[in-house]
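Throw the hints in and build the complete structure from the sequences for me.
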Amino acid sequence: MKYFIFLALVMGGWFPHQNFASELCDNAKIGKIAVFANGRIKPFLVHALDRMMFVTDDKKKVMSSGVKNYCQLSFGNNESKDRLIHEIKVKIQHHDIKKMLGFDQPGKNAYLSIQQFLNQRQAFIRFSGQTDDQRLLATLNVYLDKMDTLDKILNGQDFKIWIANQWIYSQDNNYLEQVINFAPLKNNAQSMKVAFEYYNWIYRPFLISMVILLNAVMIFMVGKYHSWVVFLAVISLAIQLVSMTVRGWVADRIPLSNMYETVMLAGFAANILGILFYYRGKEKLVLITGIFLNIFTLFMLEFSTGMLDASINPLMPVLKNNFWLGVHVFTVMVSYAAFGFSWFVSNVFICRDLFKKSNKERNQETTNKFLQIISDALNIGVVFLSAGILTGGMWADFAWGRFWGWDPKEVWSLIVLLVYMIVLHGRYTNWINQTRFIILAAPAFLTVMMAWFGVNYVLATGLHSYGFSHGGTIFFILFVSAQLMLSAIHWVKNTILSRRSLPL
Amino acid sequence: MKYLLGKIEKKIGNMKTGLALLGGLILVLVASSFLESYTNAVFVDRLVYSAIWFKCLIGSIAVVVIISLISKTPFKKKHFGFYLIHASLILILVGGVLTAYTGITGDVILHPRTFTNHIELPNYELVISSGEDLHNLKPIKTILLPDRAFAWDTSLEIFPQLFFIRYLPFHTKLPEFGNESFESGYYSAFWELVLNGQSRDLVLSNHPKSEVSARSVLAKINFTLLPKVMLECFIQNTGYDFFFWNRKEQKCFFPSEKKINVKVSKLGNRFIEYRDQKQNLTFWPEMSPRPMKDHGVVIEDSELMVMSKKVFATDLDILLFENTLMVWSRGKQQYERIELSKEWMSVPHLELQIRIKEQSTSKPIINLPAAIIPWGDYRGQPAILVRHENLDNWVLQDQPYQFSHLNKLVSINLAKAKAQLPFKIKLQKFETKLYPESQIPSTYESLVEIDNGHLASINMNHPLSYKGFRLFQSSYFETSNGEYASVLLVSRDPGRLYKYLGSFLLLWGLVYYYIRKKRVT
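Keeping their order, the protein sequence lines are chains W and U. Everything in the first sequence is counted per our numbering, starting at 1 for the first residue and increasing by one. Everything in the second sequence is counted per our numbering, starting at 1 for the first residue and increasing by one.
Simulated from the structure, these hints should not be mistaken for laboratory data. The beta carbon of each residue, even a glycine, is placed where N, CA and C say it ideally should be. Any given hint might turn out to be false.
Partial list, computed: chain U residues near chain W (C-beta under 7 Å) [unchecked claim]:
# : residue
1 : M15
2 : L19
3 : S438
4 : I440
5 : T443
6 : S491
7 : L507
8 : Y514
Structure representation (C-alpha cells):
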C-alpha cells in the first residue's frame with residue numbers, strides 16, 4: 001500500500017504532462033480493480049503479478065515493479081510500451097534452450113528483453129520441430145505460451161475490465177477514466193470476492209501466521225508458559241483457516257487441488273495434531289513438533305514460489321468434484337502430516353543421540369516417550385493413508401471407470417503404506433526393537449516425500465503430474481540427501497563406532 | 001493332515017515370509033515407477049503389472065494373509081480387528097481378480113449420428129477370414145495376442161502352410177535392404193555422418209522398389225543421390241553449366257550435340273525448347289529438372305531431364321554420385337570431389353564427416369518393422385510376421401496379408417479385439433466448454449442417444465450407467481469433415497461391490513484396531 005502511494009507521489013512529480021496510462025498505473029487503487037481473465041474475476045494486482053511472473057520468471061523484479069509494468073504494458077501508449085519491452089527481461093533457465101539461444105555460461109540464467117524474446121519465436125518453433133525430448137518440448141511450449149501471452153498483453157487483450165455495465169478489453173481507451181474511479185461492482189458477491197482476494201494477498205496472512213508461530217517458539221524456549229504457546233498456535237491456525245477459506249471461496253472450490261494447497265493443509269493439520277497430542281499426553285515435544293512443521297510449510301508457501309505456484313487457476317475437468325477432491329486429498333494430507341510428525345520426532349531423537357555423551361545410557365523413560373509419540377503418529381498416518389488410497393480408488397472408479405490403474409502416484413502411495421506396514425509389523429513382532437523403530441521413522445518419511453513431491457517433480461509422468469516445476473526437483477533432492485546423510489551418520493556412530501569401542 | 005497344515009502354517013504363514021514378500025513388492029514397485037518415467041505406462045503395464053510373475057507375487061502375499069487368518073482360528077474377540085483388516089484385504093483382491101478376468105474395459109468410439117455397439121478392447125487380435133471376394137470375407141479364426149512387452153518368436157501354424165513367426169508388441173519402421181532384384185544399375189546405401197558434432201544416419205536409394213527417396217535434408221543440408229554414370233557429364237568441361245539426362249538410357253548429352261538453342265525469357269530466365277518425337281518440351285534449368293508442356297504443366301515422368309550445375313553450387317547441397325561426393329567450394333569456385341568408403345572422410349568447409357556403412361547396387365531399401373521400447377506418448381503398434389509358403393510377410397494394423405487358397409480369398413488382419421454392448425448408442429453432439437475469458441477447457445461433454453430413445457449427457461465426473469455398463473467421457477478427435485467424434489471409456493466391473501465392501505471393512509478394521517489398542521495401553 002505504502003509502496004503505491006510512494007510511487008504515485010514520485011511519479012506524479014516526474015511527469016507534469018503525464019498521459020492517462022501513467023496516471024492510472026501510478027494510482028494506488030489500480031491493484032483493487034476487478035479484471036476478468038483466465039477463467040475468473042480477480043483483482044488487477046493478482047492478475048498482473050501472476051502474468052508478469054509467468055512471463056518473466058523473475059520474482060524480485062516482479063515483486064518490486066510487476067503491477068506497474070503490467071499496467072503500462074496493457075494501458076500505456078506505444079512510446080511507453082516500446083520503452084518497457086526493451087527494459088523488462090525474461091529469464092531463461094533451461095540448459096538446452098540457453099544453448100540454442102547462444103548463451104554459453106552453464107551456471108547462469110540467460111536474460112532476454114521482451115523484444116528480443118519475442119523475436120526468437122521462429123527459433124523456438126524450429127527448435128521444437130527438431131527435438132524428440134518430451135520434457136524439452138513441454139518447456140518449449142511453455143515459452144511459446146509466454147510469447148502468446150505477451151502478445152495478448154501488448155494488444156490489450158489479456159483481460160477485460162468492467163466499464164459501463166459490460167466486460168471490455170482494456171485497449172478501448174475511451175472509457176479509461178472510469179477505471180480509476182473503481183465505481184462498478186460495488187455491493188455484490190463478486191466485488192466482495194475481489195476485495196477479499198486483494199486483502200488476502202496484500203496482508204500476506206501466511207507470513208503473519210509464520211511470525212506468530214516463531215514468537216510461540218521463542219516463548220516455548222523460555223519454558224513454563226505453554227498455554228501461551230498453545231494460544232499463539234491457535235491464533236496462527238485461525239488466520240491460516242481464514243486465508244484458506246477465502247481462497248476456497250474465491251476459487252469456488254475446495255482449496256486442495258494443487259501442490260501449494262496440499263502443503264498449506266499438511267502444515268495446518270500437523271499443527272492441529274500437535275495441539276491435540278499435547279492435550280492428551282501433556283508432552284511439550286509434540287506441541288513444538290506441530291509448530292515447527294507448520295512453520296516449515298508456511299516458509300515454503302511464502303518463499304519457495306519457484307516450486308509452489310500460489311495462483312488460483314481453473315481446475316482441469318477431471319478434478320471438478322468438490323466431494324471427492326475434499327475427501328481424498330484431505331485424508332491423504334492428514335496422513336502425510338502425521339507421518340511428517342513422526343519424521344520430525346524421529347529426527348529429534350537421532351540428533352539427541354548424536355550429540356549426547358557416548359558413555360551415558362539411553363534413558364528408558366525418554367525412549368518410551370518417543371516410542372509412544374511415533375507409534376501414535378504412524379497409526380494415525382496409516383489409518384488416514386489407507387482411507388486416502390481407498391477414497392482415491394473410489395474417485396478414480398467414479399470418474400475414470402477404474403479403481404486402481406498403477407499410475408505412479410497410486411503406486412507410490414501404496415509404497416508408502418507398505419513401508420510403514422513393514423515397520424509396524426516388524427515392531428509388533430519385536431524384530432525391530434524400540435530404538436530402531438524410532439530411528440526408522442525418519443528415513444521412512446522419504447517415501448512420503450517421493451509420493452508427494454517426487455512423483456510430480458522427479459518422475460513427472462502419469463495422470464497425477466499436474467504441476468512440474470524446476471525448483472521442486474532441487475528441493476526434493478536436497479531433502480532426501482540431507483535425511484539420508486543424517487541417518488547414515490547416526491548409523492555409523494551407533495553401530496561401527498560403538499562396536500569398535502567395546503574391546504577398550 | 002492337521003500336522004501338515006500346521007507345518008505349512010509355520011513355514012509360509014509366518015510374518016517373516018509375509019514381510020519379505022512385501023519388501024520384494026516394494027522394490028518391484030519402485031523400479032517400475034522409475035522405469036515408467038523413462039518409457040511409458042503401456043510398456044511397464046505389459047512388463048510388470050499385467051505380467052504373470054507380478055500376479056503370482058501378489059497372489060503369494062494373499063496366500064500368506066489367508067494362512068495367517070487361518071492360524072488365528074478359532075475366533076477370539078480380541079483378534080476382531082486383525083480379522084477385519086486382513087479379510088478385507090482378501091476381499092479387495094477378490095474384487096480385483098473378478099475385474100481383471102470377468103470385467104470389460106474398452107473404448108466406444110462414437111462418430112456423430114451413427115449408432116454403434118462396438119467396444120474396442122485394449123489388446124490386439126489376429127483375425128483370419130476367408131470369402132469369395134474382398135467384400136464377403138467372413139472370420140474363420142481369431143487369435144488373441146498375448147500382453148507381451150518384448151518381441152516374441154514362435155512357430156504356430158494358423159492356416160495350412162501359414163505360420164505365425166514373430167510378434168512385435170511395439171514397432172517402428174526402419175529402413176533395411178530388401179531382397180535382391182533383377183533391376184541393376186541402381187544404388188542404395190546407408191551412410192553415417194557427424195554433422196555439427198551430432199551423429200546422424202543417412203539412407204538414400206534410387207532403386208525403383210525402394211521405400212526411401214534419393215534425396216534427404218539433414219540440418220538444412222540437402223543430400224541428393226545421383227547415378228554414377230552421371231558424374232562424367234557433371235565434371236565434363238563443355239562450356240555449358242547444364243546438361244540433358246536421359247533416364248531410360250542412363251546417358252547424358254549437351255545442347256551442342258543436338259543443336260539446341262538456349263533462349264532467355266523476358267524476365268531473364270534461361271529456357272530451352274526441345275522437340276521430342278511426340279511433343280514439344282520446354283526446360284527451365286534453374287527452376288526444375290523436369291520439362292514443361294507447352295501450357296506450363298510439369299511432366300513428372302519425363303524420360304528427359306535437365307541438370308543445372310548452378311543449382312547445386314551452394315553450401316547447402318551435397319551430391320552423391322553413388323560413392324563419389326561432390327560439394328561446391330565457394331573459395332575455389334569449383335566442385336570438389338571426395339571418394340567415399342567405409343573409412344571416415346571429412347568434407348571441407350562444412351562441419352561434416354561421412355562414411356558409407358553399407359551399400360548395394362542390386363538391393364532396394366524398404367522399411368521393415370523393428371521392435372522398440374515405447375516411451376512418452378508414443379504407444380507403438382504391434383506387428384506380426386507370418387511365413388506363407390516359405391515367404392515372409394508383415395501384417396500391420398492397416399496392412400493385412402491376403403492370398404488365395406482353394407479359389408477363395410484369405411485375409412490375415414491385425415486389429416483391436418472387440419466386444420459388444422448390449423445396447424446401441426449414438427452421439428448427438430460433442431462439446432468442449434471453456435472457462436470464460438480463457439482457452440482452458442472446463443468440461444468435455446457428449447450428448448448421446450441410447451437405442452431406446454433415451455437421451456443422456458456424459459461428462460467428466462458424470463458417467464452414464466446402463467444395463468450393467470458404465471460409460472465415461474475419455475477423449476475426442478476431429479473427423480475428416482470437421483465434426484467431433486467422441487471416445488467413451490466403457491466398463492463392466494463385476495468386482496466393484498467387493499472392492500467397495502472391502503474398502504469399508506478395511507477402514508473399519510483399522511479404526512477398530514487402533515482404538516482397541518489405545519484402550520488396552
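Legend entry - Hint check against the structure, violated hint numbers in rising order: none
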